[in-house]
Amino acid sequence: MRYILILITLLAFGCKKNYQLTEAYDRGKEVYITNCISCHGSDGSGNLLYPAINSRVANAMTLERAVWVITQGSQNMPSVDLTDQEITDVLNYIQNSWGLETEVISIDSIISLKSTTKNAAIYP
Amino acid sequence: MPRFTLNINEIEYTVEAPERMPILWVLRDHLKLTGSKFGCGIGQCGACTIHADGIPIRGCCVPVKALEGKVLRTIEGVPGEHPVKESWRKFDVAQCGYCQTGQIMSAIALLDRKPNPTEEEINRAMKGNICRCGTYKRVKNAIEEASKNQIT
Amino acid sequence: MKRRFFIQTVSLGSSGFALSATLPLLDVNGVPEKNALFEPNLLMSLGEDGIVRFKYTRHEMGQGSFTGLTMIFAEELGADWEKIEVSQADYDEKYGNRLYGNTGGSGTVRRMWEPLRELAATARTMLVSAAAEKMNVPIEECFADNGMVVHKSSTERIPFGELASLASHQEVPKTVTFRDVADYNIIGTPKKNLNQNKIIEGQLQYSMDVVIEDMVYACIVRAPIMGLDVISFNSEEVKKIEGVVDVLQVSNRLEEVDESDTKTSMRNGVAVIAKDTWTAFEAAEKLQVEWTNSSLEDGDMESIENDLAMAKGNSAAHTIFETGNVPNEFKNTSRTFSRTYRNPFQAHALMEPMCATADYREDSCEIWSSTQHPNRILLRTGIVVDKPIGFFLLHNLPCGGSFGRRFYDDFITEAVVLSKVLQRPVKVVWSRKDEVATSGYHALQEEEHTVSLGEDGKILAWRLREYMSAQTEELQWAFPFQVYYNTQRLQEVVQVPFRLPIMAWRSVQAHPHALGLESFVDELAEHLGKDPLEYRLELLENQMELPKSFGEERFEVNYNSVKEILVPRAIRVYKELSRLRDQYVMSNGENTLGFAGHSFGPTFAGQMAEISVENNKLKVHKITCVVDCGLVINPQLAENQIEGSIIWGLSALFYNNVTIKKGVVEQSNFDDYKVLRVDKSPQMEVIFLESEEAPSGIGEPGVPPVAPAVLNAIYKATGKRIRKLPILGIDNLELA
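Protein chains in written order, with the numbering used here: chain C, 1 to 124; chain D, 1 to 152; chain P, 1 to 736.
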């Protein structure tokens, strides 16, 4: 029930500027600070050791790939122990910060992506 | 060897280190500031948490080059009478204590961002700090207490 | 009867303490304590300033005995808590096993309870005697309290400091009387962790923080499979890396030493020596080592299953406990009930990876590290470099968690060997990957319980067969004590030749044992249509007499005396759990409850888990733990220990699972070896049952009941019985 409410809220704030005012955006920022900021930087520009995620190129990474990397890890990044809600929030934060603007993703689509990518070792 | 000027706990340090060396090892091995701990090396446990411009960062992941010009703070730079340290004392949080300087640095940064965090917000900010002694309950109690005692 | 532990007169001649009580106190460098005027034993000195300086002769790893032992000593001495200072004693054989034995088995307070009180009471008696002499009153009219000796009738009082010199000339008493528990004002109070301030300031020095002049740092690439040896490595290439000092082979050439008591746990490997830790780590990543072959290389989880199946089919069972004639009963029975439970391989994942610094010189070797068992470690290290224990000076620093891991010598031996070769101080630092992937593990184990049931549901015979790693020490076989001696029983061990090295892990054998026993009792209660708590009490109240000498021959475990302590404790704990359940039901609690209890040493702990499962999402809301551990020395720190044990137990229940592929451990860090984080941490409540019996240990007893209590609750909530750990992922179970 709560999820549905959140989803409705998110749909209501479709555009970036309004989204940045939502609680969901703030949650995503908090998740980012706790789990991502050290390597990817407060502006998403990465550092000498870790890649930037604030450019359109980085954002061209498919959602499937992003969910996969977070939940399963990749060669350069350990998996991160996040809940479905946290994955949703942080991806929405990343995709709607630093001048980026993307349609807000629902938790349901994240859950569905998680289950489709879970056993498919399609990503290195 | 490249040379870096770092502002740590309001003191200027000049260090010679490879530019890729994570700040944790500059602090620990070069500057002998050993309050920040090595736990995992991949930003998963939070034992090395310090502040860069007030933001909590895992020292094991951030190369020294990225921190030039930033204001850094480690556990050694937090006064003993800081409300978070006081409440840590009150709840006798630490057991082995190894993760606790990282816990404290994460807690301070959280309260700087959100002076009255909800339980959910505490969880979100503190889940990057692992404690194998299992002091989580007291960590939360201490943060709630410190949030009441902050100087506003 | 209850008071027997407290009003006690001890004859010192019999305990061997009269001797040490007359020795002057020397610190390890052989220099007498500064300004010390009164040094009645190896652990205490007192100067004119009135400060009692106490030496802590165990290993502090978060369990709090640094504080707890100081409290016991201060209490028995009649000291002022504000005027006692404690410091960590370097290891020295002069302390003997009684004062500086191992720190393990939740036994520090339990084992030090008598010796510390003997030493403190002796010192107190001499101080009182000195005061009586000074005041010129009979000694019987004086007593020590709060750092002073008080004359009863005149209430004249003299501070300890003023008595120090005179006390040192008093005769060492032949008998001493312990203080009455009713007079305690330190024991039983929530004194703060004495390391707390240093920890909060980042000033507590762990092994990782040691800095010695001219020291170099070593990272070792260890054999990925125990026993593999180095054939070759790209030494020249790695030596070219800036900051690398040397690349050296570390060899364990003592494979022929068979005795498990003396064999080092060190692996073969190649060490990269560098000017700082990070350079050593980075260079080690570039090291390429060619290893010898091993038959273990074909080992994976499937071969582990095969090993287990083979042992089940072919291996002989060792009987470790037997009453009555269980096999005979099974031959004639028509109704049996049998279930099997599994514990996986588990790693320690302690917060501070292992670390040791050694400075090997011609005539001695100084070591800075953290160890639970200095005597055994130095013996093993000494064998490797062919030196006696006395050659080493070990500074036993507090550690960032141990949980059994620092019982073993490998990291210390590595530092000693490298320092000997390099002729300078060397600090060996383990990476997280080293700690998770090239360590020793809590063993995979299966517990198979079978009972024969009569028409009325009465248990006629009970067999427990444990499928256990062949490396598990025999001493551990008899260790997890039973409390249900309600029927004829047979307990057997079947050894399985598992491939991974085994090490002690918080609560050791009690963990798989409780998982099996306490799940099984719940299943049995259900099978018989009985209430799980009432059924436990029923089993506890119908106890059989055990053959008197049972178990003593082989393991020196007297089951009858253990039973005498544990069974009443278990009954008290389960009755309290019943009361808590009634209370929960009365308050219309919405969640599902599950229960389990288990012993660890003489302590008994029982738990009530409150959980809910919705759409395969499990939430553990709260765990309440009821503990009977005898007298509680420090309620605050004891509560910390139980809370920590619950978190430890939940990590094991949810996540912990070490697996191998081609003989090599697959996990390497907190991403693939998960542990509980704050957001999944439940509410906790700890209840200590009041007791004046001797304190019996608190570091581990909270762990074993966690898994079965939650599993019993999950069954009640879902109808699904899970019989193996870890549980996440089984039938898509997730955490809410």
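Among the hints, erroneous ones may be present.
Only part of the chain P face toward chain C is listed, based on derived beta-carbon distances under 8 Å [what the hints assert, rightly or not]: (1) E666; (2) Q667; (3) K674; (4) R677.
In case anyone wonders, no lab produced these hints; they're calculated from the structure.
As the structure is a prediction and not an experimental result, all values here were calculated from the model.
Where a beta carbon is used, it is the ideal one built from N, C-alpha and C, also for glycine.
Hints versus structure:
1. E666: 13 Å, violated
2. Q667: 12 Å, violated
3. K674: Check passed: Cβ of P:K674 comes within 6 Å of chain C, closer than 8 Å.
4. R677: Holds: closest Cβ of chain C sits about 7 Å from P:R677, inside 8 Å.
Violation of the numbered hints given earlier is confined to hints 1, 2; the remaining hints are satisfied by the structure.
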